[in-house]
Amino acid sequence: MKEELLKRTVKGPDGVEFEVEPLRDYYCEAAPTVMPGAYIKIVEDLFNWARAESLWILGFGTGCGAIEMRPLMTPRFDAYRYGIQWRPTPRQANLLVISGYLSVKTLKRAIRAYEQMQNPKYVVGLGSCTINGGMYWDSYNTIKRLDQYLPVDLYITGCMPRPEALLAGFDDLKNLIRAGQAEGANQYAENFDWYKANQKQVIHDWDMPDYNW
Amino acid sequence: MMRELHERLKCLFPLGELTEQRRGPPNELAFVSLPGAYLRPALLHLRDLEGFTHLVLLTAVDWLEEGQFQLTYLLSNRTQARDIGLRVFLPRDGATMASIHDLWPTAATYQRELREMFGIDFPDSPGVNDDFILEGWIDMPPYRRDFDTKRFAAENFSQRPGRTTTDPEQHMKAKLYPGEN
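These protein sequence lines are chains A and B, in that order. Residue numbering for the first sequence is -18 to 194, as defined by this note's numbering. Residue numbering for the second sequence is 6 to 186, as defined by this note's numbering.
Bear in mind the hints are in silico, worked out from the structure with no lab data behind them. Do not take every clue at face value.
Stated by the list, open to error - Using 20 Å as the maximum straight-line C-alpha spacing, the simulated DMTMM-like pairs for lysine to aspartate or glutamate come out as follows:
id : chain 1 : residue 1 : chain 2 : residue 2
1  : A       : Lys86     : B       : Asp129
2  : A       : Lys181    : B       : Glu140
3  : A       : Lys89     : B       : Asp135
4  : A       : Lys86     : B       : Glu160
5  : A       : Lys(-12)  : A       : Glu2
6  : A       : Lys(-17)  : B       : Glu160
7  : A       : Lys181    : B       : Glu160
The structure presented is a predicted model; accordingly, all values stated were derived computationally and were not measured.
The shape of chain A in the complex, shown without the other chains (with noise of 0.2 Å):
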């Protein structure tokens, strides 16, 4: 555990002593819990229409695929077009793109980055190395399949895949979502311990609470 998380004592400015205890403090522990769909399926419909044609990808590359990321942000292929745009922080994000190999230290800050994202939120594995290890199938700090540890809505293959087949995938993943069959989120809530352990059976020092957000 780092230091800056243990629980200490501090004083304030105004000279008053307390105690704090970042785990407890600072992020809500509380588990994530399944979204209940619309009242009636019309609705939910509506909603799943207005979530397929407005997709914020969260700008965070784990890998080498990011690099087909930028011309897709730029005028060549122009994502903007079908209402894919890129943001800064998870807060305003609500698709995340694991670009490529994910090394272990950075499935770290991709599941506190996915868990910081508000529902309804979608993860789309981005090339063979989120779906089998691809040619990092022997390494000893990548993961192998990404949806051990997150759920996956849509893999994307290729090593790595075009901008074209990005602008397809995120197509594929519209209708998904359309369907209301992108409902990785809930599914997160649903095995929350599965995913948990299968995150701490990877990441040996786990020095987070075991839901950020």
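Chain A is fixed; fit chain B onto it per the hints.
Chain B alone, transformed into the frame defined by chain A:
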């Protein structure tokens, strides 16, 4: 040029043979090995008197069969456009080397990396025991050659079933000479 430098240095330090990888001038590159105890005076001499002011890199090689680590200190003389690599051999068990972070501050980063990836200790180097790339590492240092990365990956990460690999030699044999198998 490099030979002259080698002759000059040989009077001062017990140097080994000079291995010239690239002859010049310009862009000369040569390597020479010396005992670890003489490394520091040799580095100081090269830096202050011979113009090798830049530490290009500090890296290690694991000679598993000989039971030794080789440290390579690559120095560059920018004005004369030539590089020299000093090689030091350490016993592999309990490998420890004197830190040179006070000669080049950047060496501390290299030493921290070597501590983590090879398990070579550099006492008194700033932050040498901090995590460098790996976090929460539980096995032996991964760049050591007796570390089995394939076994480690199989034991620690769940693999997606159905992945097959083909030995290139066998595959090409079957493809090119189908009758001979």
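Now for the hints, and whether the structure bears them out:
Distance check on the hinted pair: Lys86/A and Asp129/B sit about 27 Å apart at the alpha-carbon level, beyond 20 Å; violated. Distance check on the hinted pair: Lys181/A and Glu140/B sit about 13 Å apart at the alpha-carbon level, within 20 Å; holds. For a cut-off of 20 Å, the pair hint linking Lys89/A to Asp135/B stands: about 18 Å separates their Cα positions. As the CA atoms of Lys86/A and Glu160/B are separated by approximately 18 Å, the hinted pair is consistent with the 20 Å bound.
For the proposed pair Lys(-12)/A and Glu2/A, the alpha carbon gap of about 4 Å is at most 20 Å, so the pair holds. For the hint linking Lys(-17)/A to Glu160/B, the alpha-carbon distance of about 27 Å lies beyond 20 Å, and the restraint is violated. The suggested pairing of Lys181/A with Glu160/B holds, with an alpha-carbon distance near 15 Å, which does not exceed 20 Å.
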